[in-house]
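Trainee: Chains as they are written, first to last, in our numbering: chain A, 1 to 279; chain B, 1001 to 1303.
Just so you know, the hints here were simulated from the structure itself, not pulled from any lab data.
Hints may contain errors.
To be verified - Over the 12 Å line for every Cβ pair with chain A, so calculated as not near, a few chain B residues:
1) F1083
2) R1097
3) P1139
4) A1147
5) L1195
6) P1220
7) S1243
8) Q1296
Stated by the list, open to error - Selected chain B positions facing chain A (Cβ under 8 Å, derived; list incomplete):
9) V1071
10) L1134
11) I1136
C-beta: ideal position from N, C-alpha, C; glycine also.
Chain by chain, the residues run as shown.
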Amino acid sequence: MAEIRTSAPATSQDRQAATRWTLRLVAIGYVTLLVVLPLGVMILRTFEDGIAEFVESVTAPEALAAIGLSLRVAALAVLINTVFGLTAALLLTRYRFPGRSVFNALIDLPVSVSPVVAGLAFILVYGRNGWFGGSLQNVGLQIIYAEPAIVLATCFVSLPLVVRELIPVLEEIGLEQEQAGRSLGANAWQRLWRLTLPSVRWALAYGVVLTLARSLGEFGAVRVVAGNVLGSTQTMPLLAAQRYNDLDEQGAYAISFVMVTVAIVCIIVVAILRPKERT
Amino acid sequence: MSTTSTPVVATAGSLGSPPDVPAAAAPAAGPSNRGAGPPEGVLRLGPGSGLALGLVLLWMSILVILPLAAVLFTSASNGLGDFVETVTSPAVAAAIRLTVMMAAAATVVNTVFGTLVAWVLVRDRFAGRQLLSLVIDVPFALPTIVAGLVLIALYGSNSPLGITLAQTRWSIFVALLFVTLPFVVRAVQPVLEELDLDVEEAGASLGASKFTIFVRLILPNIAPAMAAGAALSFARGLGEFGSVVLISGSLPRRTEVASVRMLGQIENDNLAGASAVATVLLIVALIVIILLGVLQRRAANRG
């Protein structure tokens, strides 16, 4: 070691380059083996039987129903989480109230909870024999094994995504704008639409894309509460699982390919939004 | 997609630059004549914001607080004896043990490789670096069931490589490696970006070896972020379902993870049993998060 350290600068540079190349190759190799290779193989296998087969598989009635349901649920979850996220982020950054730090911690909780536990939790409260399920059913509200439960489960798993994007930006912009607006006589709505929303638009857009990606793909929590009724409570991920279990591997890959495409589009949109948000 | 890699605490801290007058509904009283008032740069809850807070808390109760409370409540509803009996029954205990082992193993491997990948993303410049960064986000964006199918395409029963991991414990390990890949990378990356290169150069000019520089100068700074990423990754591994359920084969006592076991219990209408398993997972996750939090603070103190 001592010999190398005192040797000519050229050797030490070589050694540095060798270290850098090794690290680079290990990093790329690891990510390729773990993510790129399996993903590539799945995409190849999707089109093993040709494009026609793929098109037929993703336009089958149950596939179209699943895509429709997934889109509907994701749209609702995005809407709810955007309104909730914006309100919660404004409250957390601009106000101090008792229980604020507990509230702040609770928002992150869903990320660390197993999706199956989330589903179980909803069954315990809103299921037929749950805390409120019976009374809700008596007034004609079916939650579990119906669309409302799918929406609830989806909102649960994507709860922190919008809030966590908004909070740093809201902290950054502070209260000056808001107070200038007040002293100029703008009401709360005007201040929200004309001042706050334009300043946070990129962070909000980022949060919305994350929520959309998460909502379209949630499997575990939805699997537990949805009942998996073909064509009525079956989302895209549930259909993929069912096709695989029915030994229709090709069909499972086909519907998965749709989801892969959505995921990759979301990642690219996010990558484009990211730098803009900083400036 | 660094959302989930943000450590849970230290989020809504102080506001950027506090303006002098909190223009809240305190007409006569000056804002600073009593110590009990809100800190500077913070608004006071008015009727509108109070109502908003009420609605937000109501929604949190419906969506998070009541349901999760119901899980804890149900797990204890039949008494401690029942709880212990459930979680020590052979199949359940095996599932919990397997899950904890696999989550720990995947977390350790991804803490090492995740730090390495973060290092390469921050310190190295090469064509395709952006692409590598995009690929890191794939496991976050990909639905878990698709992650499972993607791994089946490569490691399933008709693997093109001839490596069949399906229905073995290895498949669970690989699935957890896949879904937890981004956590440590995205936690460590911003911290590495902020690190002062001068310190390392000073170390090098004093004759410190690369290894010494890494262990003494860099590691203490990134250790808290590594711990935060590891905690998230472990919690995720404990609860993972979608990516594991198809490829693991879910053979009881061999390849059945805790979340799959819980699903079975739920489908057999054994909600108390499922709640007991959920509670154990919650306790394990809490212990690990607290331990890693202690580690985080120690490292922060030393640095």
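Trainee: Does each hint fit the structure? Answer for all of them.
Mentor: Quick rundown of the hints versus the structure:
1. Every CB of chain A lies more than 12 Å from the CB of B/F1083, the least distance being 15 Å, so the non-interface label holds.
2. With a least CB separation of 16 Å from chain A, B/R1097 remains clear of the 12 Å interface cut-off, as annotated.
3. For B/P1139, the shortest C-beta to C-beta distance to chain A comes to about 7 Å, within the 12 Å cut-off, and the non-interface label is violated.
4. The claim that B/A1147 is not at the interface with chain A is violated, since a C-beta of that chain comes within 12 Å of its own (minimum 9 Å).
5. With a closest Cβ-Cβ approach of about 16 Å to chain A, B/L1195 is found to remain outside the 12 Å limit, as its non-interface label requires.
6. Taking the minimum C-beta to C-beta distance to chain A, about 20 Å, the non-interface status of B/P1220 holds against the 12 Å cut.
7. At roughly 9 Å, the least C-beta separation between B/S1243 and chain A is not larger than 12 Å, which violates its mark as non-interface.
8. No beta-carbon of chain A is positioned within 12 Å of the beta-carbon of B/Q1296; the least distance is around 16 Å.
9. Because the closest C-beta pair between B/V1071 and chain A is about 5 Å apart, less than 8 Å, the hint holds.
10. A cut of 8 Å between beta carbons decides the hint on B/L1134: the least distance to chain A is about 6 Å, and the hint holds.
11. Contact between B/I1136 and chain A, as hinted, is supported at the beta carbon level, the nearest pair being about 7 Å apart and thus within 8 Å.
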